[in-house]
Structure formats: C-alpha cells, structure tokens
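Asker: Residues per chain are reported as follows:
There are 2 protein chains.
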Amino acid sequence: MYITGIGRTKFGNLSESLPELAYEAIYASIIDSNLSIKDIDCIIVSNFLGGPLNGQLQLNSMVASLLPDIHIPIFRIETACASSSIALNQSIALLHNFNNIMVVGVEKMTSDLMMGPTEAIAMAADKEFDLSNGLIFPASYALIAQQYMRRYGISHDVLERVSYINHKNANLNPFAHFYHKDVTIEMIKNSPMVASPLNLFDCSPLSDGAVSVIVSNQKRSDRAVKILSSNFVTDSISLTQRKDLTSFKAVKIASKNAYKESAVSPRDVDVLEVHDCFTISELIALEDLNFCKSGQASQLICEGYTSRNGELPVNTDGGLKANGHPIGATGLAQIYEVVTQIRGEADERQIDGVEMGMTHNVGGVGGTAAVTILGMV
Amino acid sequence: MYITGIGRTKFGNLSESLPELAYEAIYASIIDSNLSIKDIDCIIVSNFLGGPLNGQLQLNSMVASLLPDIHIPIFRIETACASSSIALNQSIALLHNFNNIMVVGVEKMTSDLMMGPTEAIAMAADKEFDLSNGLIFPASYALIAQQYMRRYGISHDVLERVSYINHKNANLNPFAHFYHKDVTIEMIKNSPMVASPLNLFDCSPLSDGAVSVIVSNQKRSDRAVKILSSNFVTDSISLTQRKDLTSFKAVKIASKNAYKESAVSPRDVDVLEVHDCFTISELIALEDLNFCKSGQASQLICEGYTSRNGELPVNTDGGLKANGHPIGATGLAQIYEVVTQIRGEADERQIDGVEMGMTHNVGGVGGTAAVTILGMV
Numbered sequence: 022m023y024i025t026g027i028g029r030t031k032f033g034n035l036s037e038s039l040p041e042l043a044y045e046a047i048y049a050s051i052i053d054s055n056l057s058i059k060d061i062d063c064i065i066v067s068n069f070l071g072g073p074l075n076g077q078l079q080l081n082s083m084v085a086s087l088l089p090d091i092h093i094p095i096f097r098i099e100t101a102c103a104s105s106s107i108a109l110n111q112s113i114a115l116l117h118n119f120n121n122i123m124v125v126g127v128e129k130m131t132s133d134l135m136m137g138p139t140e141a142i143a144m145a146a147d148k149e150f151d152l153s154n155g156l157i158f159p160a161s162y163a164l165i166a167q168q169y170m171r172r173y174g175i176s177h178d179v180l181e182r183v184s185y186i187n188h189k190n191a192n193l194n195p196f197a198h199f200y201h202k203d204v205t206i207e208m209i210k211n212s213p214m215v216a217s218p219l220n221l222f223d224c225s226p227l228s229d230g231a232v233s234v235i236v237s238n239q240k241r242s243d244r245a246v247k248i249l250s251s252n253f254v255t256d257s258i259s260l261t262q263r264k265d266l267t268s269f270k271a272v273k274i275a276s277k278n279a280y281k282e283s284a285v286s287p288r289d290v291d292v293l294e295v296h297d298c299f300t301i302s303e304l305i306a307l308e309d310l311n312f313c314k315s316g317q318a319s320q321l322i323c324e325g326y327t328s329r330n331g332e333l334p335v336n337t338d339g340g341l342k343a344n345g346h347p348i349g350a351t352g353l354a355q356i357y358e359v360v361t362q363i364r365g366e367a368d369e370r371q372i373d374g375v376e377m378g379m380t381h382n383v384g385g386v387g388g389t390a391a392v393t394i395l396g397m398v
Numbered sequence: 022m023y024i025t026g027i028g029r030t031k032f033g034n035l036s037e038s039l040p041e042l043a044y045e046a047i048y049a050s051i052i053d054s055n056l057s058i059k060d061i062d063c064i065i066v067s068n069f070l071g072g073p074l075n076g077q078l079q080l081n082s083m084v085a086s087l088l089p090d091i092h093i094p095i096f097r098i099e100t101a102c103a104s105s106s107i108a109l110n111q112s113i114a115l116l117h118n119f120n121n122i123m124v125v126g127v128e129k130m131t132s133d134l135m136m137g138p139t140e141a142i143a144m145a146a147d148k149e150f151d152l153s154n155g156l157i158f159p160a161s162y163a164l165i166a167q168q169y170m171r172r173y174g175i176s177h178d179v180l181e182r183v184s185y186i187n188h189k190n191a192n193l194n195p196f197a198h199f200y201h202k203d204v205t206i207e208m209i210k211n212s213p214m215v216a217s218p219l220n221l222f223d224c225s226p227l228s229d230g231a232v233s234v235i236v237s238n239q240k241r242s243d244r245a246v247k248i249l250s251s252n253f254v255t256d257s258i259s260l261t262q263r264k265d266l267t268s269f270k271a272v273k274i275a276s277k278n279a280y281k282e283s284a285v286s287p288r289d290v291d292v293l294e295v296h297d298c299f300t301i302s303e304l305i306a307l308e309d310l311n312f313c314k315s316g317q318a319s320q321l322i323c324e325g326y327t328s329r330n331g332e333l334p335v336n337t338d339g340g341l342k343a344n345g346h347p348i349g350a351t352g353l354a355q356i357y358e359v360v361t362q363i364r365g366e367a368d369e370r371q372i373d374g375v376e377m378g379m380t381h382n383v384g385g386v387g388g389t390a391a392v393t394i395l396g397m398v
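Chains as they are written, first to last, in the working numbering: chain D, 22 to 398; chain U, 22 to 398.
Treat the hints as calculated values from the structure; they're not laboratory data.
Be aware that a few hints might be false.
Because identical chains cannot be distinguished in the list, a pair is counted as satisfied if it fits within a single copy or across any two copies.
Result set (DSSO-like, lysine-lysine): computed pairs, CA atoms no more than 30 Å apart in a straight line [unchecked claim]:
1) Lys247 to Lys281
2) Lys264 to Lys59
3) Lys314 to Lys270
4) Lys59 to Lys273
5) Lys314 to Lys277
6) Lys273 to Lys189
7) Lys281 to Lys59
8) Lys270 to Lys59
Extracted from the complex, chain D is given alone in its bound form:
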C-alpha cells in the first residue's frame, strides 16, 4: 500500500468555492502522481460541514461532475475533524478491490455560509448532554486544559510555546494559513481570552482548503511512500461519559494498534503531525501516542524536543494552529506533510534524514481517533 500522489491548495480565507477547492487539489495530486484521471478507479470524499455551512451534500456526485465522463464508485465519509484520516483508512482497506484510489478532503468555512461556523462545528459534539449545556468546542477543550493544568501543575506558558512553535513552522510553509505572519510570545500571551484558560492563540483558525491523496496497491513511482499502518477507533461522543479528561482512550488504542501493526516504536518516528485543534491537545497527543509518560509533555516541549531542530520535530507544516484547519481536509494535510518530508521535498522546512513519519487526527473531544504511520519504500 503506497501513496502515489499528493496535492493541496493553500489554506486560509480563500475566494474559491467548495467544488473549486476540490478540483484544485484533485488536479495537483494527479499531476504529482504521473497517473491519468482514468487510472483512478474509486474516490472517497471527506467533508464535515458541506450540508450545514455550504448547503451542498451528495459531494460524491459533485466530484463526479468535476471529472470528464467518469462512472466509478465515489462516496463521502464524515467523522467530524477526523473525516479525512478515516477516508484514507477506508481507501487502504479497499485496495483489495481497486488499483488507485483518490481521497479528497475539502472544507469551505470562511465565506458564503448558511450559518455561523462555530455553531456548525458544534454539531460534532453531543447535542443532548454537552452542547445543550454550553459545551461548544472551545469550552470543552478549556475544561480539558483546566483539568490537565491543575493535575500536572503547568502554566499557560507551555501552551504559548506550542502556539509559538507552530507559527514559526508555518512561516516556512507557503501553503499555510499563517505563512509569513510574524507571531511573538507577547502577541500570543496578550491575545483575547476565548474560554479560560484558552486564548485566541490557543485555538486553530477557520480555514478553507482541500487536499487530495492517491493511494495505490503497487509501487507506481520512485517517489512513492509506503503506508506502514493506518488505524482508527471510536469512543463515546459526550465528555459526560469520560472518566478522565486529560487523555483520549481512542488515541491510546489506535496508536497501540498502529505501532503493533507496523512494528514501529515511538523512537523510530522522525516527524510527527498531531491534531492541535487547541494547544492543549498537543500535550495530550504526545502522551497518548506514548512519546512520553502522562504529565511529561510540557517538559518535552520546553526542552525543544518537538521544535524543528529537536529530536522529534512536531507539526513541521504549522499544525492545525498555523497551517490551518479546513476540517474535512485536515488529516490529509498531515499526510501531505509527512509524505513531503519523507520524499525530501519540503524545501525550506525540510528536516534531515526523515525515513518515517506519523499522523494523529482526532474528531470532537476524542470521539474518533486515527493514527497513520508512513515510511520510506
């Protein structure tokens, strides 16, 4: 199982419509792959809010409309913010039946919307138990941050550091939402409060964007990257059903399965992409993925371990915080970055000697969790 082609749009506040974004990414991935669109025998579309925000569903058929006279199986997967990693996971499972499957993640969140995006995003939360009590996502992650910071005695400085590193990385990524935006620790510290203790720079932005990834059952080019494992599991949707807010059980199970399947251990991972929808998530991810013990992520971060010149560069593309978070495309953007690093094509942001990379993509407050491990062929 190989990744044969990747393509993406810039992320940010863009003028393109949802179908235009999808088309741009599809086109880029075909060019990158050296395949023809006729070689693609199945497509999976990943999108979260096409209905509520854009008034457009049946996106499988919408994608068919973009392509010349194509009559293949196309379908859409939605699992909140983890949609595109689950779509990738399904494409891998389907390689029994197909040769080249395209996975297209797309989201349009900044303009021409049918409702407020924060209200729409909250549809990934439990309506009955969480949302009705005010738990939109910044509030849920604020509760998680409160519990984490209290239990492990860390200050907001650590979260600021996460935000700062992500923004610095995004400065090297021309596709990033916040490319060439100079962000200082002071700006982060003094940004407006969203939900205590999380301020504006703890939160990922609303982004438009699309990413397309082509997976194949055979190695089709010298630039192919191997999929060593893709695993995902599901947990309950409501925070009220969780025993512990400082760890996501679904991430622990998915990563354990992925390490086992790939025979890879955390110390083999050269670059890591984590789902930093809020800065606190990055700390929890490092622990749930077993890069350190519970409560020790702040130490890793503050000692520079996760910086681009550290032992384990994390979110070299800027992460959700600064690369951006067009929800249905986010997991594939992580894949895009890891593939680019393994190929040695990351230009200014290239990390030396990357042979293996991992992505971590989460839906809601850990209701869905996917872990993917990629390696050199």
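Once you have looked at the hints, place chain U on chain D.
Answerer: Only chain U this time, still in chain D's reference frame:
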C-alpha cells in the same frame, strides 16, 4: 458474504429522537442475529441530514455512546438518498478485515428540526446549477416525468397505478409509514398538485426511522441470506449535465455490473425493491434494470406484472411511497424486505417461493446508484 441479522423501527412520524431510533434498530438486529454486540467488530452509520436537520454530526461517535464500552472502528457514509446502500456495499468490501459488520441507517425528518426538510433535502442537488434555478427534487422529477410521459405517450393514470400498488402493499406491512391507510385511485387522482404532473400521491413522504443490518464473512445461522452482488457507481450531480432525463446511466452501469458479478439475469429475480422517491422513478427503474425495454414499463405495471400476485412483485413492503423514506435508512429497508421475503418470514405479505431478490437505491436524480442482489444460501 452473508446477512446475519436485520432489525428496523416502524417508519413514520415518530416521537423517538435520532439516537433512540438508531438504538432500537441496532438492538433488533442483534436479537435477530443471535450474536452479541461484542461480536460486532466494525459499524458503518448511514445518515443524510443529521447536520442540517438535527444539528448532530459525528454520528459514529454518537453510536459508540449507545453501546457499552465499545472501541471499534465506526464511521459514517453520506451519499444522499443512496447512503445506506453504499454503506452496505462498503461493509461487504471490509469483510476482508472484519468478521461481523453492522450497518445502521437512520434519519429523523419530522420534528424538532433546525430547518425546513424540503430545503434540507435539496442539498443533494447541485446548488450552483440546479437549486439556484428552483430545481428542488419534486421539480426535478417533474421535469423527468414530463419528458418521459411525452416521449412514450403515457398518461398520469400509470403513475397513479404505481402509487396505488405501493399503498396496497404497505397495508400488509405493520412497520410501514402508511400501514392500514386505505387509499383509493380517486384519492390519488384528486390529491393536490405538487409539481406538474406530479401530485401529492406521486411523492414519497417525510419519515423518521432506522434499520440495522449485520453482514458476516461466514454463514452464522440457518436464516442467513447470501449477498450475491453489491455494486454502485456515481454520475454527475446536475440535470444540466445529462443527455437524457428518461434514464439514469449510473443505474444501468451498476445493474449491469451486478448481474455480471452474480451471474443472475432479470428473470431470476423473484422480488424487487425499487427507489420510488417519485412514482415516475419506478418506471425508469424497471427499464434501467433491464426488466423491460425503454418505454415499456407502463405496460408491465398496467398488466399486473409488478403487483404482489404478478410475475415480479415490486416493493412488497410499500416502497418509498408507502413504507416510507427515512433517507439514511431507505436502502437498508429494501434489504430488510428482501431478506424477510427470502427467509419466508414476511407473514401476510409473503410471496411464495422467493429465492432471489434485488434492491435499487438512488441518490439525487441518479447522481449515485446502487444495486444489490441477495439469494438463498
């Protein structure tokens, strides 16, 4: 590949919430299967409008919340009105990796909604080219009916006959939306116009409901039913991109593939479930599925061929028209009926000697089309 268990709710204007409907169907299918919920190693959720109508997405995680301490892969598929047949198709493809996969289709369309259901359903249409010109679905199918009736010289009487047969069949189905509703040809003929030539009785209703189907990689009981073929393909979303409105190319391709894969021919089919979202669709389905030539479906219908005592009983459960159309569950309701007929468990509505059945499920105006063929083990 076998269907091991089936379960459903009544369809109609129900008091249960979306999670309650899903739970009821899940529970019924587990009881029917003689499996335990612990035997299920993957779940696919099918739903169309959970976001726009109910404000609830990430339904995979919502379903996990309904089940005791479960951490398995669960994901949601959406392909408009064909969502649940595509989910079934994917479950079959995944039997390489799992033993027993549950497919749960659910839709809540009649109460406690965030917007008007007709406006929400229209999200399956092309927003840019069709919907912006007034083509909500009754209007699109009215255009299709106009073109069909003109080309083949049939009157509205034939459509009335389709509606009448479906309502008569539903009278034998205690789960049907219109169970024990006495409908006469006069009522149908005199019902209010919706979009000329389609009147109220040409249109399927808004229904709440859920269906769950368990598929297995081995024969797990004497009541198992074999999946002979499941096939689906995608076409362009907009009517403006179609050369011919009186036939759906995606249905033709999917059924041709399914006949080939199963080595079944139309004359082998004992019961047929077609996607009669509007009565005109039933005529087009009979032709696209190759039960007769183009323009000859009206003859089959008027000669009683598709009635329950005819050679090919169609929509023995009442079809979308009278069994109901809870969109994300509709394709699985068709599977439920065919499995029940093959098992010989359809009570009052049992057709004698059913050994093979077929379902036909369509998204939008043929943007997605799925065909499934089931047979006795």
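Asker: Are there hints from earlier that the structure breaks, and if so, what are their numbers?
Answerer: none
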